[in-house]
Amino acid sequence: MENLNEKTKKFRFNAVDAIIILAIVAVACAAVLVFSMLGGDGQDSAVKVEYVVQLSQVRGEISDKIKVGDTVIDSASKYNLGTVKSIEKLPYTEAVFSESEGTEVMSEYPEHYYVRVTVTADAAYNGSYYSIGGFRIATGVRIYTRFPDFLGEGYCISLHELEK
Amino acid sequence: MMKNKENKFRFGIIDVAIILAVCVLLAGVFVRYGLIDSWGGGDELKEYSVSFMILNKHPDSVDGLTQLPDVYYKDSGAYFGTLEAGVSIMPAEDFVAMPDGTIVKTTSSAGKVDVRGSIKVKGRYKDGEGFFHGGTTFIAPGGKMEMYTANADFTMLILDITESN
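The listed protein sequences correspond, in order, to chains G and E.
Residue numbers are given in my numbering: position 128 of the first sequence equals residue 128, and the series is strictly consecutive.
Residue numbers are given in my numbering: position 93 of the second sequence equals residue 93, and the series is strictly consecutive.
Derived by calculation from the structure, the hints in this document are not laboratory data.
There may be inaccurate statements among the hints.
[Claimed, not checked] If you anchor each label on the Cβ, the simulated ranges turn out as follows:
id, chain 1, residue 1, chain 2, residue 2, range
1, G, 95, E, 29, 43 to 49 Å
2, E, 10, G, 44, 47 to 53 Å
3, E, 60, G, 44, 17 to 23 Å
4, G, 48, E, 23, 38 to 44 Å
[Said to hold, decoys possible] No more than 25 Å apart at the CA atoms, straight line, and that leaves these computed lysine-lysine pairs for PhoX-like:
id, chain 1, residue 1, chain 2, residue 2
5, G, 78, E, 122
6, G, 67, G, 89
7, G, 78, E, 144
8, E, 74, G, 67
9, G, 89, E, 105
10, E, 74, E, 120
11, E, 126, E, 57
12, G, 78, E, 105
13, G, 67, E, 126
14, G, 78, E, 126
15, E, 126, G, 85
16, G, 67, E, 105
17, E, 74, E, 144
The beta carbon of each residue, even a glycine, is placed where N, CA and C say it ideally should be.
Isolated chain G, as found in the complex:
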């Protein structure tokens, strides 16, 4: 009888155990839900995209730090966003009111540049948007870019799918 009591005691299942198991199940369900949302509707198609990130008002002395072949990482999310294909450096301009012309004119800002970086990447298209490793990419999206030798923020100004 005592033996039976001991056995019953050993496998007793109490409220705390139930709460722990429920918590684990809830976390697992949440994880499945999140990952299924990230994955879209399960009909993602693999594509190759090319996009341009424009970095503005970059000081001249650090405007040549990005190199072709560099890996681009979003420094906020740490997603790998592809590889640099080409770089274009243009004078940075700002709108300034010209008293002599009585209107706004675009003027060059000395020693500062726009750096336009063209990037190629493997992406997924789920019918409504493109994503690169989970990072949604589209024109107008702000990207906190991290290259091996440069940090800065810019905007995606063009995006298109490359032909296979």
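Go by the hints and put chain E onto chain G.
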């Protein structure tokens, strides 16, 4: 009495689950913060020189910058490096729109100053990844960092990172 002792030290499946969960959490923390790398490569850290610029400061706020040259991260308080000799303080650059709409570079009319200098730090450069201060924290030119010394707070723009000779 004996029975009580046995109950006290019983090791159940829940205990195993908790220990496993703690192990997974610890592994996650190590992977997230790159601590595994620093364990294996702590002895590979080399000395580098981080060139920086501090823009548009009131002259009084940078007067004592070089007196106590140890530099720390403002957010964590962790040691970053030591200012090297040769910090230069010059009139702050300013960009002014002229009546005809052109923008010209001039110096601050408000008496502000820019500071340029370099900080000796320890870190590791990984090919294709960049420079990691202390082997773990990524920094690069273009990055703006909130720092402090014993007598000055400042935001610096990193201009270059080179290996010290």
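(request) Run the structure past the numbered hints and jot down the numbers of the failing ones, going up. (result) 3, 8, 11, 12, 16
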